[in-house]
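Start from chain A and add chains S, B and Y according to the hints.
For reference, the chains in residue letters:
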Amino acid sequence: QAVKLIFEVGTPRRTGIDLPEPKGRASRLGGHERKGEIGLPGLSEPETMRHYVRLSQKNYAIDLGIYPLGSCTMKHNPRLNEKVARMPGFADVHPLQPISTVQGALELMEQLSHWLMTLCNMPAVALTPKAGAHGELCGMMAIRARLDADGQSQRRRVLVPESAHGTNPATAVQCGFTVDEIPASGDGRVNMDALREKLEKSDDVAGIMLTNPNTCGLFERDIVEIADLIHAAGGYFYCDGANFNALVGRVRPGDLGVDAMHINLHKTFSTPHGGGGPGSGPTVLSDALKDFAPLPFVVKDGDKLKLVEHEGGDAAASFGRMCAFHGQMGMYTRALTYMMSHGSDGLKQATEDAVLNANYIQASLADVMTVAFKGTCMHEALFDDRFLKDTGVDTLDFAKAMIDEGYHPMTMYFPLVVHGAMLIEPTESESKGELDRFIQSMRSLVERAKAGEAESFKQAPVYAPMRRLDETRAARNPVLRWTPPADNAEAAE
Amino acid sequence: QAVKLIFEVGTPRRTGIDLPEPKGRASRLGGHERKGEIGLPGLSEPETMRHYVRLSQKNYAIDLGIYPLGSCTMKHNPRLNEKVARMPGFADVHPLQPISTVQGALELMEQLSHWLMTLCNMPAVALTPKAGAHGELCGMMAIRARLDADGQSQRRRVLVPESAHGTNPATAVQCGFTVDEIPASGDGRVNMDALREKLEKSDDVAGIMLTNPNTCGLFERDIVEIADLIHAAGGYFYCDGANFNALVGRVRPGDLGVDAMHINLHKTFSTPHGGGGPGSGPTVLSDALKDFAPLPFVVKDGDKLKLVEHEGGDAAASFGRMCAFHGQMGMYTRALTYMMSHGSDGLKQATEDAVLNANYIQASLADVMTVAFKGTCMHEALFDDRFLKDTGVDTLDFAKAMIDEGYHPMTMYFPLVVHGAMLIEPTESESKGELDRFIQSMRSLVERAKAGEAESFKQAPVYAPMRRLDETRAARNPVLRWTPPADNAEAAE
Amino acid sequence: MRYLPLNENDRKAMLDVIGADSIDDLFQDVPEKARLKALVDLPKHQSEQAIERHMAKLSAKSVSAGSVPFFCGAGAYKHHIPATVDHLIQRSEFLTAYTPYQPEISQGTLQSLFEFQTQVALLTGMDVANASMYDGSTACAEAVVMAKRVTRKSRAILAPGLHPHYAAATQTLASTLDIQIDERDCRPGRDDHVIDHINDDTACVVVQSPNVFGEIIDLAPIAEKAHKHKALLIAVFTEPVALGAIKSPGEQGADIVVGEGQGLGVGLNFGGPHVGLFACTKKLVRQMPGRLCGETVDANGERGFVLTLSTREQHIRREKATSNICTNSGLCCLAFTIHMSLLGDAGLKRLAALNHEAACHLADVIDGIDGADVVNETFFNEFTVKLNKPATEVVEALAEKGVLGGVPVSRLTEGNEDLLLVCATETASEEDIHAFETALKEVLS
Amino acid sequence: MRYLPLNENDRKAMLDVIGADSIDDLFQDVPEKARLKALVDLPKHQSEQAIERHMAKLSAKSVSAGSVPFFCGAGAYKHHIPATVDHLIQRSEFLTAYTPYQPEISQGTLQSLFEFQTQVALLTGMDVANASMYDGSTACAEAVVMAKRVTRKSRAILAPGLHPHYAAATQTLASTLDIQIDERDCRPGRDDHVIDHINDDTACVVVQSPNVFGEIIDLAPIAEKAHKHKALLIAVFTEPVALGAIKSPGEQGADIVVGEGQGLGVGLNFGGPHVGLFACTKKLVRQMPGRLCGETVDANGERGFVLTLSTREQHIRREKATSNICTNSGLCCLAFTIHMSLLGDAGLKRLAALNHEAACHLADVIDGIDGADVVNETFFNEFTVKLNKPATEVVEALAEKGVLGGVPVSRLTEGNEDLLLVCATETASEEDIHAFETALKEVLS
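Residue numbers (our numbering), protein chains in the order written: chain A, 1 to 493; chain S, 1 to 493; chain B, 1 to 445; chain Y, 1 to 445.
Hints are computed from structural coordinates only; laboratory data are not their basis.
This list has only true hints and no planted wrong ones.
DEER-style ranges, computed between Cβ atoms:
#1 S:287 <-> A:27: 54 to 60 Å
#2 B:361 <-> S:110: 36 to 42 Å
#3 B:187 <-> S:200: 51 to 57 Å
#4 B:227 <-> Y:8: 41 to 47 Å
#5 A:20 <-> B:28: 34 to 40 Å
#6 B:315 <-> S:231: 27 to 33 Å
#7 B:361 <-> S:287: 50 to 56 Å
#8 S:456 <-> B:303: 23 to 29 Å
#9 S:33 <-> Y:13: 30 to 36 Å
#10 Y:189 <-> A:484: 38 to 44 Å
Below, simulated DSSO-like cross-link-like pairs (lysine-lysine); rule was C-alpha separation at most 30 Å, straight line:
#11 Y:44 <-> A:290
#12 S:23 <-> B:441
#13 S:374 <-> B:12
#14 B:57 <-> Y:401
#15 B:57 <-> S:304
#16 B:401 <-> S:306
#17 B:228 <-> S:35
#18 S:23 <-> A:348
#19 B:61 <-> Y:401
A short list of chain Y residues far from chain A (calculated; beta carbon distances all over 10 Å):
#20 154
#21 189
#22 225
#23 228
#24 253
#25 389
#26 431
#27 432
In this text, all values refer to a predicted model and were calculated from it rather than measured experimentally.
A virtual CB, placed ideally from N, CA and C, is assigned to each residue, including glycine.
Isolated chain A, as found in the complex (with noise of 0.2 Å):
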């Protein structure tokens, strides 16, 4: 059943606040007033409540399955951390309250950065960064600010794997350097022989980003002789680090050279993803970087903390701000929730279950699925379509199909470096039971592929609460808002 737009429901004049009547006190907005309507519908309360719960029955959820996007780690959110985020300490406090009144606060962020720093070894943690794009721009900038420190600002040009999430390659760009991409190797890693040619005889090399685990769900077996290399050439190591949910507790980024890496809080450590955000994304910065973290961050003060706001002593290297305040507060404390739940043997454990889970997946289904790169892969499993070769079904019918069988579907054509790609991670959170349930679904999906019901794919999906969507449609002539009717009687005449 279609739910209507909010516009459609309400109307202006109806409300679902009661307020009291205002006073009617002189006005000191000087002639600025808002005249007439402003067109925002009002619904009452159990209209308002109706809407968005028959709105929400719409959408496929963590809770309800298996969600199994490649890169994006969907794990089972605690509803232990929505308590603990709710709590009037963190949600309730302004951020600009005099310091003696959010040492609370203060002292949260200080445990995040201590969790964060000792599973990276790294000796420091920026916390500002909104998301994980944005602690990209957090590394690079700082990689920059060290570079222009040291006299080095000739070296823009940036060295991104062609396998990499586009955010890297954007995030380059947007600190004003250039890309160089370096091809992948034909067991889906870095080319070294490529890297190598990139970086000779260079002084324009600023450094390299890299995702590790790859975005094929591979180790860079050659990582640290990567970071020798670039280290050897004058650059930095930034390290994506969408996959450390392959690495919590086993791995530490630091140990491997890396300079600089973000944290996805909503994906490694679980702060829910909301349908799109908001995320967080911390980033731990080498001895090299430290200095040049962004403002403000948390000091210790005799016994007490304290924020440093400003540029200048602290902070005298500090390549500036990025954001209002001091960052996702809401996800520092799900994330440290988490953290603490797990405990360092909960975490290494469900790194492990990640991993194990990704290559269950990929061992049951290698048989009847084209697996990408031979060997184990670390917590996501990559196909590629040639198993689909001859069948007229394609990696977005196989998708769509997935959708009738009561599951989300995969990451598609996602990473380029294969062709048609699906990249699935269960993550740690999914039994034998789930899984085992979704492997049979693959397993019979392919079948029907094999046998020749290409048709039926690509009506796919039919179970779901909408068929398939005209986005071709949707960006030719874009409808980005709701405009009332043109009116009914003026069209009847």
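Structure of chains S, B and Y alone, referenced to chain A:
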């Protein structure tokens, strides 16, 4: 998609709760240790979350659409009430803490009592009853105690209209009364002649149990006379308050001669029904009955409040205790929040809107369905099945077809005084838009029924999570719990 | 008003359809003298913010259990409830659904009730359980009424250790039903005496274990004697967690088991809502009060669940019903079931062990204080302490020192002024116990 | 571990299927020297109860806004949020969904984003809005970058009254992008001067209204001058409720409007998460950063919604994207939209009126105190007070008296030690204002 039972998902060795290791102290259980497996399955937290979220989606709910169950008053449940009910001074207080540490809780009970007594114009209210039927018990026990105190123990006959809720006769019997049924008049109300006859020259009448508005959705026009007759005959007037939502703020039971009436906080005052409870049934009492109120109750003690928990003293005439502790605090907080939110103006408006909505439905369907009794109704509209005559569709089929239209059916086959009854109570929470859609759906169903589509009605529902369920089979061979399947290995042999 | 979707235009248009001039026309059946002329004398509607403030102030006037060292039990127990439980029971589809009379669109509620019934049956060691009662005390009263129906005898023996509120609720219900209740002497250490009172007139004997004083009672010999005289043993418990550690009543021969389920999934709530558990042997099921959920199939042959055996109930049988009960404690059942699903066998047993250890530790500590003696030989997480001062004064004095130190027996039943019930669950930390010790020493010295 | 469903049997069976001897085999690609030999030096897993206690203690170490008279603003505003909002955003289907890349099973998120975009467009008076940015400050920075793309010019003028954090975030992003930022002098009463700096080199002029000092700025003449020089006017706001009372930037000729949406639906959260609003004229839409949701139809011709125009975005265009932004502030959008749906036109206007009245009342009160002068000619719910003592000392002294009395300007930017930003919303009661007055008198005397 079917959802497995937890017994098919979890295992006794798994757990979704981390607890510290016991230290292994000596036991003081005196040899009564439980040995062996209990058989309770444990699920990890993500499995538990998913299990119950999936299950929940198989329910209809007031938050999803109109829930027009006559006699049930399924109105909007404000979330403010949920928030208030969880405040620690209400939710996390032990019923037997020292009185000095629960003054806020007692004050809330005092305030709730004030609202209820004022809305009813009654001098007392017993808060403890835990549901409507428990409130009936409370009122009838008070009547019995009063009769006994007056040496009228021969009065054991209770008059109950045939249209009464089943709880009324059941309650009367549970209090040791016998039930004498009064027939309905042609206009759906108490047959006054029959009533007079039953009261004539008798000294065994304990009282009457009467719902008002009655279960036909009609106000008992002669109610004041009924009260007078009962009182003149030496009996008491118990009013079933299930339909109080038609009166709040416009009519006070105390002005009608009522001696006792329970108030369903979970209907009239919107504490959520939760799939079948918990409810709360505070019972207002007249001067004649108030000394017999059950234990415990709150009384003033200087500028503090205290609880009377034992017989004697303030409770010399009390008929005793109905349950442990003080009743349904969780419902008190919600109901008081609801009442204060509405205020006397909003409560009156809600009553009027509830009655208006019911009459709007009745008027809008009167030409295609058969209204059971002429004239306007109160807060619910009663139809019978005459309009389905010769269609091959019965009330049950019609109700199940409503499910396919996206609605919860109305109350069916109740009250018993009309054939194939359909009792529709929209409540004040429905907008005109929702009602118009509902009316349109009902009209199209009637059209289809009259067009000879009986077979499709017999198949309904087909768009629900399940098709029609075999209730006879369930009752004939009751399976009331899960049992482990016979061992598969054995079965195979 | 934020909860009312109709506006004046709507109301006008709807009155037109009805053919009424004004809303007053719809109230024409109300006798003139009963029509309110003005608003009732109560405040007008208020904003959400105003009400939140009012309620927060009221809330702050009580001392919440979680804010202090806390040792009260006596029928209501403080346990840690996982956040998942409260989150799930607040889902609209569970919270705002009615009793599942239309099973096709109520499988969420029904299946969870079926799971609940099974869990209760397993926990109590019985064949079947119903879909809950209001609370433990009313379940107890209903069980006695049921025993009369089953045995066609009307004398009930209530053990001295039965929670006095349960006994009182039972007496209230039974008094109108011509059920005789044997006299009791509510003191510690007297439950075994019930055996001597059982005879052929006995319909049932009601024994609580752990009893209100915390003592664990051996039910097997009582069951044996009762059965010999064709009487039923009704076993009672007030703390479901105890059944993770001690023998189930079912193993010991109980015919009906009733208890309070609040300890799992449900908060203290100043006494309500709680959730009554009710289980019995298979052969008694058709005499059981309350709702039952049963398994069946739909028109496609798929497994599904319905309310069943409703010919026992008031809405079908009216005056012949087994009880007048209608509303149960549905949402609390759900909370109980979710908490129990998270725990499982292993979790419940560990939780029980932690409770018992905390209580053992506390008992040792209290026994070391002058003026306080633990009375119990056995206990689970609660025991009775004999004090050198009146218990009500002691708990008030403790409260002033910021400790909620237990429940005086005299709050439950008159007399026994020197007895205090003290409970320690997994929520009592070492520091809490130490704070109690310190405060109690001061108060008793 | 409560969050991990696999048990040892499962793990063993799965390793067998994989053909690995142990979990270590799966980490064989990790260089030997980087394989951790033991657990990292952090505590082991803890129970939910233990963590709740730890966190509750930490929480109690801060003073929450709701617990005291509260007058802080400066970019984050305390408003009353209806309980409905938090309830709905916690629904599993909203809370635990990913970015809606599969529209067939994401219409809940998508439709609510479409509603959000429309509400933001209406509120700002602009043609279109995106599906949110991280916060107002990053939205501001992105707008300046966008202005460079649109105008192919690189000089940006930031008005003196722009929130210093917004200016700083903009400078940080712009510094690496070869965008020159005109110098500013962050003091009250200087915003009109920006007009004199606009010339043909100007890409954009960024003006906040109400500005950080609370003053309401007339944007129309600035827009006119900017447009004359083919520059864009970027209008900024930090308090969405203000737009219920004052002219929209769209009416005044703004080309891009960015702002902070936290004031509706989102709590203070110590500064994050908040929600950045971003709106512009129709012709600029393809240069916009961030996600956009658009209307379309499905294979049955039913209306539905999808993410669209993603060729602007990094996951498609990589280094040619309009921004590197990926994650937005989805759940906060939803909270904003629900709060706004409840308010509607009528509610928003009344809420704004109540805010303005509270602030007017507070300004009168403060003007009556020796040593404190309200600087503003105009304001909405926040204004600047000149004090006879350093503002940081004053707010600390007020905090000791249990009042959170505003934000010193020196917290935002160095200098201006005597200026205090004071805000009153609908949450400031008469008693709160009186408490502030009393405390401030004492502190200043």
